[in-house]
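Please work from the sequences and hints to get the whole structure.
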Amino acid sequence: MKAKIHVTLKSGILDPQGKAIEHALETLGFKNASNVRMGKYLELDLRETTQDRAEAEVKAMCEKLLANTIIEEYRYELNT
Amino acid sequence: MKAKIHVTLKSGILDPQGKAIEHALETLGFKNASNVRMGKYLELDLRETTQDRAEAEVKAMCEKLLANTIIEEYRYELNT
Amino acid sequence: MKDSQVITKDIIAQHGLADDEYKKVIEILGREPNFTELGIFSVMWSEHCSYKSSRVHLKKLPTTGPRVVQGPGENAGAVDIGDGLCAVFKMESHNHPSFIEPYQGAATGVGGILRDIFTMGARPIALLDSLRFGLLDRPKNRHLLKGVVSGISAYGNCMGVPTVGGEIAFNEIYSNNPLVNVFCLGIARKDRLFKGTAAGVGNPVLYVGSKTGRDGIHGATMASDSFDEASESKRPTVQVGDPFTEKLLLEACLELMETDLLVGIQDMGAAGLTSSSCEMASRAGNGLELDLTHVPRREPGMTPYELMLSESQERMLMVAKQGKEDEVLRICRKWDLDAAVVGRVTGDGILRVKDQGKVVAEIPAKALAEDGPKYERPNAPPAYQEYLQALNFDALKEPKDYTATLLELLDAPTIASKRWVYQQYDHMVRTNSMVRPGSDAAVLRIKGTNKALAITADCNGRYCVLHPYMGGMIAVAEAARNLVCSGAEPIGLTDCLNFGNPERPEVMWQFILSVEGIADACQAFNVPVVSGNVSFYNETNGLNIYPTPIIGMVGLIEEADKAMTQWFKRAGDAIVLLGATREDVGGTEYLRVVHHREQGEPPYLNLDTEKTLHACTLKLIREGLVQSAHDCSDGGLAVALAECCVSVPTQPLGAVVRLTGYTIRRDALLFGESQSRVVLSVKADAADKVLTIAKAMGVPAAKIGTVGGERLVIDVEASKQASACRVDAELKTLLDRWGNSLERALNQA
Amino acid sequence: MNFGVIVFPGSNCDHDCTHVISSVLGQKAVPVWHKETSLAGLDAIILPGGFSYGDYLRTGAIARFSPVMGAIKTFASEGGMVLGICNGFQILLEAGLLPGAMLRNQSLSFICKDVHIKVENAATPFTGLCESGQVLKIPIAHADGNYYTDPVTLAALQANAQIIFRYCTPDGKVTPDANPNGSLDNIAGIRNAEGNVLGLMPHPERCAEDVLGNDDGRVIFLSMLDALKEAKLKTVVA
Ligand SMILES: Nc1ncnc2c1ncn2[C@@H]1O[C@H](COP(=O)(O)OP(=O)(O)O)[C@@H](O)[C@H]1O
Ligand SMILES: [Mg+2]
Numbered sequence: 000m001k002a003k004i005h006v007t008l009k010s011g012i013l014d015p016q017g018k019a020i021e022h023a024l025e026t027l028g029f030k031n032a033s034n035v036r037m038g039k040y041l042e043l044d045l046r047e048t049t050q051d052r053a054e055a056e057v058k059a060m061c062e063k064l065l066a067n068t069i070i071e072e073y074r075y076e077l078n079t
Numbered sequence: 000m001k002a003k004i005h006v007t008l009k010s011g012i013l014d015p016q017g018k019a020i021e022h023a024l025e026t027l028g029f030k031n032a033s034n035v036r037m038g039k040y041l042e043l044d045l046r047e048t049t050q051d052r053a054e055a056e057v058k059a060m061c062e063k064l065l066a067n068t069i070i071e072e073y074r075y076e077l078n079t
Numbered sequence: 000m001k002d003s004q005v006i007t008k009d010i011i012a013q014h015g016l017a018d019d020e021y022k023k024v025i026e027i028l029g030r031e032p033n034f035t036e037l038g039i040f041s042v043m044w045s046e047h048c049s050y051k052s053s054r055v056h057l058k059k060l061p062t063t064g065p066r067v068v069q070g071p072g073e074n075a076g077a078v079d080i081g082d083g084l085c086a087v088f089k090m091e092s093h094n095h096p097s098f099i100e101p102y103q104g105a106a107t108g109v110g111g112i113l114r115d116i117f118t119m120g121a122r123p124i125a126l127l128d129s130l131r132f133g134l135l136d137r138p139k140n141r142h143l144l145k146g147v148v149s150g151i152s153a154y155g156n157c158m159g160v161p162t163v164g165g166e167i168a169f170n171e172i173y174s175n176n177p178l179v180n181v182f183c184l185g186i187a188r189k190d191r192l193f194k195g196t197a198a199g200v201g202n203p204v205l206y207v208g209s210k211t212g213r214d215g216i217h218g219a220t221m222a223s224d225s226f227d228e229a230s231e232s233k234r235p236t237v238q239v240g241d242p243f244t245e246k247l248l249l250e251a252c253l254e255l256m257e258t259d260l261l262v263g264i265q266d267m268g269a270a271g272l273t274s275s276s277c278e279m280a281s282r283a284g285n286g287l288e289l290d291l292t293h294v295p296r297r298e299p300g301m302t303p304y305e306l307m308l309s310e311s312q313e314r315m316l317m318v319a320k321q322g323k324e325d326e327v328l329r330i331c332r333k334w335d336l337d338a339a340v341v342g343r344v345t346g347d348g349i350l351r352v353k354d355q356g357k358v359v360a361e362i363p364a365k366a367l368a369e370d371g372p373k374y375e376r377p378n379a380p381p382a383y384q385e386y387l388q389a390l391n392f393d394a395l396k397e398p399k400d401y402t403a404t405l406l407e408l409l410d411a412p413t414i415a416s417k418r419w420v421y422q423q424y425d426h427m428v429r430t431n432s433m434v435r436p437g438s439d440a441a442v443l444r445i446k447g448t449n450k451a452l453a454i455t456a457d458c459n460g461r462y463c464v465l466h467p468y469m470g471g472m473i474a475v476a477e478a479a480r481n482l483v484c485s486g487a488e489p490i491g492l493t494d495c496l497n498f499g500n501p502e503r504p505e506v507m508w509q510f511i512l513s514v515e516g517i518a519d520a521c522q523a524f525n526v527p528v529v530s531g532n533v534s535f536y537n538e539t540n541g542l543n544i545y546p547t548p549i550i551g552m553v554g555l556i557e558e559a560d561k562a563m564t565q566w567f568k569r570a571g572d573a574i575v576l577l578g579a580t581r582e583d584v585g586g587t588e589y590l591r592v593v594h595h596r597e598q599g600e601p602p603y604l605n606l607d608t609e610k611t612l613h614a615c616t617l618k619l620i621r622e623g624l625v626q627s628a629h630d631c632s633d634g635g636l637a638v639a640l641a642e643c644c645v646s647v648p649t650q651p652l653g654a655v656v657r658l659t660g661y662t663i664r665r666d667a668l669l670f671g672e673s674q675s676r677v678v679l680s681v682k683a684d685a686a687d688k689v690l691t692i693a694k695a696m697g698v699p700a701a702k703i704g705t706v707g708g709e710r711l712v713i714d715v716e717a718s719k720q721a722s723a724c725r726v727d728a729e730l731k732t733l734l735d736r737w738g739n740s741l742e743r744a745l746n747q748a
Numbered sequence: 000m001n002f003g004v005i006v007f008p009g010s011n012c013d014h015d016c017t018h019v020i021s022s023v024l025g026q027k028a029v030p031v032w033h034k035e036t037s038l039a040g041l042d043a044i045i046l047p048g049g050f051s052y053g054d055y056l057r058t059g060a061i062a063r064f065s066p067v068m069g070a071i072k073t074f075a076s077e078g079g080m081v082l083g084i085c086n087g088f089q090i091l092l093e094a095g096l097l098p099g100a101m102l103r104n105q106s107l108s109f110i111c112k113d114v115h116i117k118v119e120n121a122a123t124p125f126t127g128l129c130e131s132g133q134v135l136k137i138p139i140a141h142a143d144g145n146y147y148t149d150p151v152t153l154a155a156l157q158a159n160a161q162i163i164f165r166y167c168t169p170d171g172k173v174t175p176d177a178n179p180n181g182s183l184d185n186i187a188g189i190r191n192a193e194g195n196v197l198g199l200m201p202h203p204e205r206c207a208e209d210v211l212g213n214d215d216g217r218v219i220f221l222s223m224l225d226a227l228k229e230a231k232l233k234t235v236v237a
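Residue numbers (numbering that gives the first Met the number 0), protein chains in the order written: chain A, 0 to 79; chain B, 0 to 79; chain C, 0 to 748; chain D, 0 to 237.
If you are wondering where the hints come from, they were derived from the structure by calculation, not from laboratory data.
Do not rely on the hints blindly, as some may be mistaken.
Heads up, simulated BS3-like pairs for lysine-lysine below, C-alpha to C-alpha not over 25 Å straight-line [as the list claims (entries may be wrong)]:
#, chain 1, residue 1, chain 2, residue 2
1, B, K18, A, K39
2, A, K30, B, K3
3, B, K18, A, K3
4, A, K58, B, K30
5, B, K18, A, K58
6, A, K30, C, K210
7, A, K39, B, K9
8, B, K30, A, K63
A partial selection of chain B residues facing chain A, derived with a Cβ cut-off under 8 Å [said to hold, decoys possible]:
#, residue
9, I12
10, L27
11, R36
12, K39
13, L64
Negatives, chain D to chain A, calculated, CB over 12 Å [as the list claims (entries may be wrong)]:
#, residue
14, D54
15, L56
16, I61
17, G95
18, L153
19, P169
20, G171
21, N178
22, A192
23, L221
24, A226
Beta carbons: idealized from backbone N, C-alpha and C, even for Gly.
Quick look at the structure:
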């Protein structure tokens, strides 16, 4: 099974990278872009066949390691 | 319009961060995870109403700034 | 929460204001406060901002001296170093934020102390970090250490300010209350120091830096509260640092200060816009009118309460000369910083805050900033103090294998090399680092002069819990000794006093005695305290940390090429021990590691003896007689000798040492932590001269060995009490145990 | 000679470079703000280390669009000498003035320490005063110095002697253990095909003075100066 995980900053938390990228896009002439936010994207293979167990495992990985839940939130998809 | 952009290392390029995360997951007891790859995930608002123009614009942003195509590839979605 | 909120008893309590304090608010205002005003009083009168429990005691610290250019009271202190320059420095804690989110907490701690330095008009040239964690066998503590170090590394490195040293100690007592203290040193022209003053009625007030978000609202009150499970819910207050913006802010401020545009400047640290505005007004005896409508914001819908209390990072408040605001704004734009005129200085002494044309707060600035509560809180020794100090050393067995014991001590994370940490810090940027991390103190040359400055941070919390007065004195003595061993004369200090809950009499007792110890030592060494910080409420679930008053000290080396390092230089050099060794085993690392006790009286310190040792060491170094100098601290003489062998960044050198004529126990001799001792290496033919000079100055001195070889061998001669014993270890083994210990501890599964 | 030192927002080794140019080389160091579009009057250009634009997104990614980069490209295409140190190297890569890209260090951590590098090609304007094979002790300080390029480009770099510095042991052996960050082929510094643009991760400006206990880096600046004087001599003679 393949897990695709998105980890993003909670809304309201300062995103210095997003800010800098937005500014850079603007200077490059992309004036239509706004609210740039930057996060992490992770992919991994999971040796687990039941959907439920896989979900529980990915969730645990996010909580324990992949996301810093004090400032970040996460979501994931599972595909076979 | 909202653009969601994924920038990931090309396959075949060693991903030190992915590797480190895989190792960390293993130490934490998640032995079922493998092939961890880490990339960037960007979201932005686009003041552009036609799908074509928006696509062209996001593509240009990726090529010019958001991805380094020597080592990275990108994909994007557009939603209204 | 709405601004129209009715003030209830609950709300007052949530704001941490005691009944008496609230009465005083009403007295000052002549009416009930509104919600915004209540918020403002609550942060300004928090322990963190008002020093209400510590102020009366801090008065004991000596703060004056011929070199003092700026004592406590401004953003940082300053001492004269000649050549028209001064050294500007201060230390700050970021303990609670670092426990909640180690990376961001530590990073924003670095950001805050840097701003304190460059608001003074000084360019920051070095950082030190003082850290305390619980033992590394707990995963949580490893996580905290890694997070804190990467946060400091990320922020300091990006700023281009080298982190050139610091200290770390580990003790279970810090498990739920780690300490993160950061010291910063800057250099300014003596005639161009800036202050946080809102002088000149009518002058414009400008806001410069990042936009304001809802970050860290009530951070100051959080730093003034103990931790418990419920603190988890305070988590949304985490602030995120943006070192890139801070770098721009630094350059913009220094550029502005080159011009003649500014009257005063202050950073928005704890309590943000509130503390910066009312403190600047109060210092000048003026009032200040703010119009929040113009404050740059990151999020829509922010209330005046939120705008006034936000602790968004990387922001400054400036008072410019009238008519110069456009020029200030232009320079800010050059550095891509948000900036706006947000108010003006008034003559009525009132901090008046407006939003959308409406007055939302009106408070006398001076009363708010200075008439806060002051407490002389009750103090009493803890019930367990006698037990702590009662150590029956005779009941403890001597080690069987002294080599194994030395290796065990070198492997203890508190003693082991901190290379894993400082290698992640850029410690060379700005190209001043003459002595990098790894020696007793870091040494920085001062460009454009022949001088150098040495800096160090020190404290032994265990000594302080066993005997707060002696512990406070020793912290100062050790810092000074580290500077002296680097060839520097101590010229000023800053402190960061980390203590538990001051509402507990035993914590106040520890605090008062530690401060007195520090004060007496400063007096004896003639080193003034020019800045500092108090961090109370380091208490979690009722458990208080050891009293940990960290001392950051600055020393001057008149001729930079006289800077000294701690490691042996050449085979054949003689090893000389300065100072006397007593049976000082109480509170030692040896006692903890080998006998699992933290007990006893800490080592005895005599200030005169220590002072003479400093004078002697400095004289020997200045006369060019010394090849290396290292003080004995944690782990005692044996550990100091091992460090002299292996702490060199290049090729280690062995030594053969023979200790004769001692009447104390062999473990006390090797691992006891007697104060006022320094291990020197000197050229073989200079040894006699060194001994003669020491003797003439009244410092006990003995040649104890010779540098060279592939091993460290320490022979203790047989005496009436005991047979001979020997420490004998290969350099390879010493290096591995000492050098890789931290990495091993961090990589354990 | 006039050395231009580019100042990007977030550069933090710019002062260190100007210090070396003026105090050690005795030449004129001119800070060049990143919004400049002309490099007139400058004999050589240095892109200093630091965290331009906070290293946000990717190191060098945003700085490469600074207005001054156009002028630097022209300067380089006309044969002008350009040195990129650390972040400067990363910017040159992003700008396409040098081939390849930087990945995160294998350890993932920022590493600040002395390393040894071997001068693989002493016939360049940046290494002219070195011996071929000479070992220099120079500090690194970076988190993203893990050099990568595709196999074809790597082969070309090797074939054209464009690899100027490799990480090595103190006695000059190029081994995996001597590689601090995982760089392909132990690459510490490369030049362009024409030979006038050099990028390296180690910081020679941090070890160019006795007072800092190491002056191994000085030879790189002295070589540049030497090459500039030589070139000037030629134009005068011609
Ligand atoms: N947290 C840290 N950050 C940077 N350097 C550190 C840190 N902790 C220790 N060091 C460095 O390691 C060396 C040894 O530290 P320490 O054992 O505290 O020395 P001392 O006992 O002489 O005060 C010093 O050079 C110190 O600056
Ligand atoms: Mg010491």
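Checked hints:
At most 25 Å may separate the alpha-carbon atoms for a hinted pair to count; B/K18 and A/K39 meet this at roughly 15 Å. Between A/K30 and B/K3 the alpha-carbon distance is near 17 Å, which keeps this suggested pair within the 25 Å criterion. With a C-alpha separation of about 16 Å, the suggested pair B/K18 and A/K3 falls inside the 25 Å cut-off, and the hint holds. In summary, the hint linking A/K58 to B/K30 is supported, as the alpha carbons are separated by about 15 Å, within the 25 Å threshold.
For the given pair, B/K18 sits about 20 Å from A/K58 by alpha-carbon distance, which is consistent with the 25 Å threshold. Of the pairs offered as hints, the one joining A/K30 and C/K210 holds, with about 20 Å between alpha carbons and a cut-off of 25 Å not exceeded. Proposed proximity of A/K39 and B/K9 is supported: the alpha carbons are some 16 Å apart, at most 25 Å. For the proposed pair B/K30 and A/K63, the alpha carbon gap of about 14 Å is at most 25 Å, so the pair holds.
Among the interface hints, the one on B/I12 is violated; its C-beta lies about 14 Å from the nearest C-beta in chain A, farther than the 8 Å criterion. A cut of 8 Å between beta carbons decides the hint on B/L27: the least distance to chain A is about 6 Å, and the hint holds. Checking B/R36 against chain A: minimum C-beta separation of about 5 Å stays under 8 Å; hint holds. For the restraint placing B/K39 at the interface with chain A, the shortest Cβ-Cβ distance is roughly 6 Å, inside the 8 Å limit, so the hint holds.
Because the smallest distance between the Cβ of B/L64 and any Cβ of chain A comes to about 6 Å, under 8 Å, the interface hint for this residue holds. With a least CB separation of 9 Å from chain A, D/D54 falls inside the 12 Å interface cut-off, contrary to its annotation. Interface exclusion of D/L56 from chain A breaks down, the closest Cβ pair being 5 Å apart, not more than 12 Å. With a minimum CB-CB distance of about 4 Å to chain A, D/I61 fails to clear the 12 Å threshold, and the non-interface call is violated.
Every C-beta of chain A lies more than 12 Å from that of D/G95, the closest at about 16 Å, which supports listing it as non-interface. With a closest Cβ-Cβ approach of about 27 Å to chain A, D/L153 is found to remain outside the 12 Å limit, as its non-interface label requires. The Cβ of D/P169 lies farther than 12 Å from every Cβ of chain A, with a closest approach of about 38 Å, so its non-interface assignment holds. Non-interface call for D/G171 relative to chain A: holds, since the shortest CB-CB distance, roughly 40 Å, exceeds 12 Å.
Distance check on D/N178: its Cβ is at least 27 Å (rounded) from any Cβ of chain A, clearing the 12 Å threshold; non-interface status holds. The claim that D/A192 is not at the interface with chain A holds, since no C-beta of that chain comes within 12 Å of its own (minimum 28 Å). Listed as outside the interface, D/L221 is consistent with that label: its C-beta sits roughly 37 Å from the nearest C-beta of chain A, beyond the 12 Å cut-off. In this structure D/A226 is separated from chain A by more than 12 Å, as the shortest Cβ-Cβ distance comes to about 35 Å.
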